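Since the structure of chain X is already known, use the hints to place chain W with the ligand on it.
Listed in order, the protein sequences are those of chains X and W. Oh and the first sequence: position 159 is 159 in the numbering used here, straight run, nothing missing. Counting from 1 along the second sequence, just add 310 to a position and that's the residue number in the numbering used here.
One or more of the hints may lead you astray.
To be verified - Chain W regions said to be covered by chain X (calculated; three or more residues, Cβ under 8 Å):
1. 361-370
2. 381-394
3. 479-491
Please keep in mind that the hints were generated in silico from the structure rather than gathered at the bench. All values derive from a computational prediction rather than experimental measurement. Glycine is no exception: its CB is placed at the ideal position from the N, C-alpha and C atoms.
Listed below, chain by chain, are the residues.
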Amino acid sequence: MIARRHLLGALAGMPLIAAAPHYRLAAQPVAAGIWVVRGADAPIAMANGGAIANISIIATDAGAVLIDAGASHRHGLALAALARRLTGKPVARVYLTHLHPDHSFGASAFPAGLVAATPAVAAQVTGDAAGFSTGLYRLLGDWMRGTELPAPALVAEAGPVLIGGRRLRLLTLSGHSASDLAVLDEATGTLIAGDLVFHNRAPATPHADLPAWRRALDQLAGLGQQRLVPGHGPVDPTPGTAIAQTRAWIDWLEPALKAAMDAGLTMVEAGDLPIPPRFAGLAVARLELQRSVSHFWPALEAARLPRVGG
Amino acid sequence: MILLAAPVVAAPEGARPDDPLQSPFLPTVLQLVLPEGARVRFDDRVKVQFPAIAENQRQFPVQVDARAVPGVKRIIIFADLNPIQKAVEFTPHDAEAFIAIRIKLDQRTPVRAAVEVADGSWLVAGGWIDAAGGGCSAPPVSRVKGDWAQSLMQLRGRLWSTPGQRVARLALAVRHPMDTGFVDNVPSYWLESLQLRADGRLLADLALNASVAEDPAIMLMPHLMEGESVTVRGRDSGGVELAGRVAGQSAIPAGAP
Ligand SMILES: [Zn+2]
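Same shape as in the complex, but just chain X (with noise of 0.2 Å):
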């Protein structure tokens, strides 16, 4: 028994779906030759093809630069569609804000040569990827058909970039996952921060590390931006709100979680907690709480229960 076979297993017992998937964008303007298709406010699933990530559309004279390429190839496709649409040119760059596949599968649909990402997500597609897209394909099914991410050939470096007459400036982060990109575009002040900022929406945290959170949530504070893209959620208007909310959150979460095991509690439990009424606008808050309770109460269990034998 492995890991493939189930893998099969689950897709032959699969509904067959009677069309092919069609994934159907809108994108919506956020400033100056920057458009945003917002992702599904949900979980990945059959009903959404796993779009729920926004993804930024910029417009440069050297063609469409694309802030992450989507959840499969053919979202990619449709991506790249809808670029080519509102830009009149197509696709000149792609660069990923980090490896989870909600965001990076979709480079699937691109050359190797238009993609970029920091090194460490670029080590991670050939280890980690392998074992996401089990799981994504048994939740997608037809949706993920032809999807194979390619290894980006396009180093993404901290610093400034200028492409078809664009500046860009690129900042390598960590703390929603191993390997963080937010990208700020200079001429209109744009802040695009990939999953290091969520909106109106409770932050996910299964590959966080939630002290280097902070500290990349206190850089993208200071970089004199007018408005910015979270990762999930809608355009934050404002410099700040959506950088202080994901900061509020993870500020509750990590000292709820210690306490909820200091004083006794079971995972169901801690899951069960009462979230503060200051967090009634995020959405899916009690489910990220319970993915959360998932992510680090193990390393609770070995960092605050004392040995007593063995």
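Relative to chain X, chain W with the ligand alone:
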């Protein structure tokens, strides 16, 4: 990233008409996990609680609270569609009918508890949980890292009790790879028993299977006198033993159920 699966309709063919989960596999599974000829009925007083999604199918938390059922003799936690259906059998000799533990999930499955009551019949309850698969056939993290042998059978624990109240809480965590035998050439190898005593008095027995998650972590509610500590003895399928003692008093917080 957020993973959540679409619901799949189970084919009820072969299911017991009284099974609220309409699992066609239950009649066979009950023969495997319960004593022969066990009388079974479904009863909501057995509360089987777990998160809405299986975020980590190798480490899925399940909590069974049968404190509303009088005279509980045994609690068995099982998953119909795991290759090793029974995860744990808990005998609360001098403890509340309550256990929290983490199990592996191999695919979408009912997760249930069967509770034996005084007349020898069994009360069953549970729910469906979706899982992407591979919880039982994925190598344990410690096997991948190769460091399992150094910490094998290491025991962590903590006791919470309140003066004047006999119901305490006890958390135990044992380092063990809990190999199912379904991964490459690694044979099955698991922590198979834990026994808890206080001052020589038997509090609880646990019989575990390899479908319990790697590094088993358990919460129980033993009955303790003031100042008592809990001694723990355990043994794995290779004959390796553990012994430990959990002392100390932390106050049980107000508002804990
Ligand atoms: Zn992410």
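How the hints compare with the structure:
no.: 1; hint: 361-370; verdict: holds (count 6)
no.: 2; hint: 381-394; verdict: violated (count 1)
no.: 3; hint: 479-491; verdict: holds (count 3)
Comparing the model with each numbered hint stated earlier shows that hint 2 is the single one that does not hold.
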